[in-house]
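Colleague: Here the protein sequences line up with chains A and B, keeping their order.
Using this note's numbering, read the first sequence as starting at 1 and increasing by one per residue.
Using this note's numbering, read the second sequence as starting at 1 and increasing by one per residue.
Calculated directly from the structure, the hints in this document are not laboratory data.
Given the structure is predicted, the values throughout are model-derived calculations rather than measurements.
Glycine residues also receive a C-beta, built at the ideal position from the N, C-alpha and C atoms.
Be careful, since some hints might not be right.
Stated by the list, open to error - Some but not every residue of chain B turned toward chain A, in silico, with C-beta under 8 Å:
hint	residue
1	V32
2	V36
3	Q39
4	T42
5	A143
6	T144
7	A145
8	Y146
9	G147
10	V148
11	A151
12	N166
13	I181
As the list claims (entries may be wrong) - Take a look, some chain A residues computed to stay more than 12 Å from chain B by CB distance:
hint	residue
14	L30
15	D90
16	V106
17	P122
Stated by the list, open to error - DEER-style ranges, computed between Cβ atoms:
hint	chain 1	residue 1	chain 2	residue 2	range
18	B	R8	A	N218	38 to 48 Å
19	B	D60	A	R19	46 to 56 Å
20	A	D126	B	A151	19 to 29 Å
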Amino acid sequence: MLIEQAPPVEPIRPRHRRRLVIAAGAFAVLVTAGVMAFTILEPIQVLPRIRLAPGFALTDQTGATVTSEDLRGSVVLYTFTYGGCTEPCDAPESTMAEIAERIGEVDLGETEMRFVTLSFDPARDDPDALAARAQKFGADGHTWTYATAAEDQVRNIIGTGFKTWFEDRGDGTFSFDPTLILVDGWGIIRGEYRYQTLADDADRILRHIGILGEELRNSHGPNSLAYEAAHFFLCYP
Amino acid sequence: MTTRRLVRIAIAVLAVGVAAWVLVGPRLRPHVFHGVVMQSGTPAPAIDLEATSGGRAGLDSFGGKLVVVYFGYTHCPDVCPTTLSSLNKALDLMGNGADDVQVVMVTVDPERDTVEYLADYMTYFDESFIGLTGPIEDISRIATAYGVYFAADEGDIASGYTVAHNASLMVIGRDGHLRLILPPELTADQIADDLRYLR
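Make the full structure from the sequences, and use the hints.
Modeller: What follows is the structure, given as structure tokens:
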């Protein structure tokens, strides 16, 4: 039997080995520097994908049914209130009104922007009461909808789903956590605004809607990698 | 060093570069998800329903597998069979990797979908698929938490009715967090591609 002997493997010369080590080291430094630059400079910012917004069926100020499926595909800003809520309790709706008025300042491309104010007082907030409140804040009923859910669903949708606390004081008024919540077209919560910051809320939320718009317009094809990297490296505003 | 030698070295470097690009490039390229990636810091909403596999089941009942959650019903005329068939094909494409994935369908029509009926239906698509059912209040609460709205059309069991519902697939990771939302328009190849990467 003829056994072919394998040719001896030539060992890597020390000079070559040194070059290889330098090249590998340079590559590692380059990659690390790139990652650090991306993380520190944040050339792309994104809003976090926090969690799923709840699914729901609501009755709006015209008596029509609005479901979470009707809003799918649109960016939606939610706020929560009740019909008897007066100043300063109506601050989130005033912020919403300012954002609705200035929404032209941001570019969402072809994605529609919607506003929904949800009442947690369905016993009193029938369509007429909702329509009166909508008129007070300039809600047109299409772009900005006032709505409420069936009594047995309100706590599930607002409390459990949007994680927004409210409590009936038993005298026709409510204690609640003034909140605005931004949801993308997938039904994913992308921003929760539960407290005042140094920046004006309307300015901050508009800036965030702009960031979301930029992601919606650009995260297709190869660009999506950059946006997913921004999510991975938590490049959040 | 002569010009000729320089040209040879350049050609060699180019050849090595092209070979590396062709052979190693695809492995180094980061995975591009077909679904929407979630980085939620909170666990996925809890599920505790009656299972076709016997007893009650929740997200932690499937031995550390990836769990694909779907909301559908057995009398669904179009989207449910299509989605479940796609999932079956996706698992076939994954080969042995499919052992790390558990598909569950939460019925949105518990009135008609008894455990026995659901079990037959799920087995028709894949023996490993599990159906979950329970009181409508529990299912409604779970669906709401998963962003799923459903509503039955007018009608009763005798006349028949359909149930409108969201058809996205939710992928829950081994850590119990929602990792991915797969829209209904994805193909079996794309679903398999994402599940293969996550498992």
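Colleague: Taking the hints in turn, state whether each one holds.
Modeller: Structure-based check of all given hints:
1. V32: Since the shortest Cβ distance to chain A is 6 Å, the answer is holds.
2. V36: 5 Å, holds
3. Q39: 6 Å, holds
4. T42: 6 Å, holds
5. A143: Because about 6 Å separates A143/B from the closest Cβ in chain A, which is inside the 8 Å limit, the hint holds.
6. T144: Cβ of T144/B sits 5 Å from chain A, so the hint holds.
7. A145: 6 Å, holds
8. Y146: 6 Å, holds
9. G147: This interface hint holds because 4 Å falls under the 8 Å limit.
10. V148: Check passed: Cβ of V148/B comes within 4 Å of chain A, closer than 8 Å.
11. A151: 6 Å, holds
12. N166: At about 6 Å, which falls below the 8 Å cut-off, the nearest Cβ of chain A leaves the hint on N166/B intact, so it holds.
13. I181: 6 Å, holds
14. L30: Non-interface label on L30/A holds, nearest chain B Cβ at 14 Å vs cutoff 12 Å.
15. D90: It holds; D90/A is separated from chain B by about 27 Å at its closest Cβ, greater than 12 Å.
16. V106: At roughly 22 Å from the nearest Cβ of chain B, V106/A sits farther out than 12 Å, so the non-interface label holds.
17. P122: At roughly 16 Å from the nearest Cβ of chain B, P122/A sits farther out than 12 Å, so the non-interface label holds.
18. R8/B to N218/A: 38 to 48 Å: Check passed, 44 Å falls within 38 to 48 Å.
19. D60/B to R19/A: 46 to 56 Å: Roughly 53 Å apart at Cβ, these two residues keep to the hinted range, so it holds.
20. D126/A to A151/B: 19 to 29 Å: Cβ of D126/A to Cβ of A151/B: about 21 Å, so the range 19 to 29 Å holds.
The structure shown violates none of the earlier numbered hints.
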